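*Asks:* Sequence:
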Amino acid sequence: MAQKKKTDTGRKWSAKVTEKSDALDLEQNIFEAKDPKKIAQSLKHSAERSDRKKSAPFRSAMSMLTFYINRAGKNLDKKQKDRLERAKDELRKAFGREPQHS
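With the first letter of the sequence shown counted as 1, position 53 gets the number 53 in full-length UniProt numbering; the numbers rise by one all the way through.
Check before you lean on any hint, since a few could be wrong.
As the list claims (entries may be wrong) - Below 27 Å or equal to it, Euclidean Cα-Cα: the simulated DSSO-like pairs (lysine-lysine) are:
1) K37 - K79
2) K93 - K54
3) K93 - K44
4) K38 - K74
5) K88 - K34
6) K54 - K38
7) K81 - K34
8) K34 - K44
9) K74 - K34
10) K37 - K88
11) K74 - K37
12) K79 - K34
13) K44 - K81
14) K79 - K44
15) K78 - K54
16) K88 - K44
17) K93 - K79
18) K79 - K54
19) K38 - K81
20) K38 - K78
21) K93 - K38
Please keep in mind that the hints were generated in silico from the structure rather than gathered at the bench. It should be emphasised that the depicted structure is a prediction, and the values quoted were computed from it without experimental measurement.
Work the whole structure out from these sequences, hints included.
*Replies:* Okay, here's the thing in structure tokens:
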């Protein structure tokens with residue numbers, strides 16, 4: 001089985017991506033915030049401010065949020081995962097898009 005690539009400090013590459021994204025300058029510890037709206041607003045602000053992103057601000061912000069949820073996976077407690085999922089709807093609202101409901 002292939003091993004996951006780690007950075008020089010021994011941390012997984014995915015942690016490095018969320019801390020030092022090439023596309024977005026993220027607010028420190030934003031994914032640990034308790035308010036989904038705050039998470040969404042911070043990601044929106046970062047995406048709109050960045051001149052290094054390769055796609056539209058909405059897509060960049062949503063991609064970073066989804067990436068974090070997928071990579072943190074089983075390490076997220078249920079409450080925080082639910083907050084991050086609600087942050088997706090808040091992000092859609094912030095960009096004037098309709099939230100998707102399952």
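*Asks:* All the hints need checking, so say for each whether the structure fits it.
*Replies:* Against the structure, the hints:
1. A hinted pair counts as satisfied when its Cα atoms are at most 27 Å apart, and K37 with K79 qualifies at roughly 15 Å.
2. Restraint check for K93 and K54: satisfied, since their Cα atoms lie roughly 22 Å apart, inside the 27 Å limit.
3. Among the hinted pairs, K93 with K44 is consistent with the structure: their alpha-carbon atoms are about 11 Å apart, no more than 27 Å.
4. Between K38 and K74 the CA atoms are separated by roughly 23 Å; this keeps the pair inside 27 Å, and the hint holds.
5. For the suggested pair K88 and K34, the alpha carbons sit about 14 Å apart, so the restraint of at most 27 Å is met.
6. For the suggested pair K54 and K38, the alpha carbons sit about 24 Å apart, so the restraint of at most 27 Å is met.
7. A threshold of 27 Å between alpha carbons decides the hint, and for K81 with K34 the separation of about 11 Å falls inside it, so the pair holds.
8. The hinted pair formed by K34 and K44 meets the criterion: a straight-line CA distance of about 17 Å does not exceed 27 Å.
9. Distance check on the hinted pair: K74 and K34 sit about 18 Å apart at the alpha-carbon level, within 27 Å; holds.
10. A threshold of 27 Å between alpha carbons decides the hint, and for K37 with K88 the separation of about 9 Å falls inside it, so the pair holds.
11. The straight-line distance between the Cα atoms of K74 and K37 is roughly 23 Å, inside the 27 Å bound, and the hint therefore holds.
12. Note on K79 and K34: the hinted pairing holds, with a Cα-Cα distance of about 9 Å set against a maximum of 27 Å.
13. As the CA atoms of K44 and K81 are separated by approximately 19 Å, the hinted pair is consistent with the 27 Å bound.
14. Among the hinted pairs, K79 with K44 is consistent with the structure: their alpha-carbon atoms are about 22 Å apart, no more than 27 Å.
15. Between K78 and K54 the alpha-carbon distance is near 32 Å, which puts this suggested pair outside the 27 Å criterion.
16. Between K88 and K44 the CA atoms are separated by roughly 11 Å; this keeps the pair inside 27 Å, and the hint holds.
17. Between K93 and K79 the CA atoms are separated by roughly 21 Å; this keeps the pair inside 27 Å, and the hint holds.
18. Restraint check for K79 and K54: the C-alpha separation of about 32 Å exceeds 27 Å, so the hint is violated.
19. Restraint check: the Cα-Cα separation between K38 and K81 comes to about 15 Å, which is no more than 27 Å; the hinted pair holds.
20. Between K38 and K78 the CA atoms are separated by roughly 19 Å; this keeps the pair inside 27 Å, and the hint holds.
21. For the proposed pair K93 and K38, the alpha carbon gap of about 12 Å is at most 27 Å, so the pair holds.
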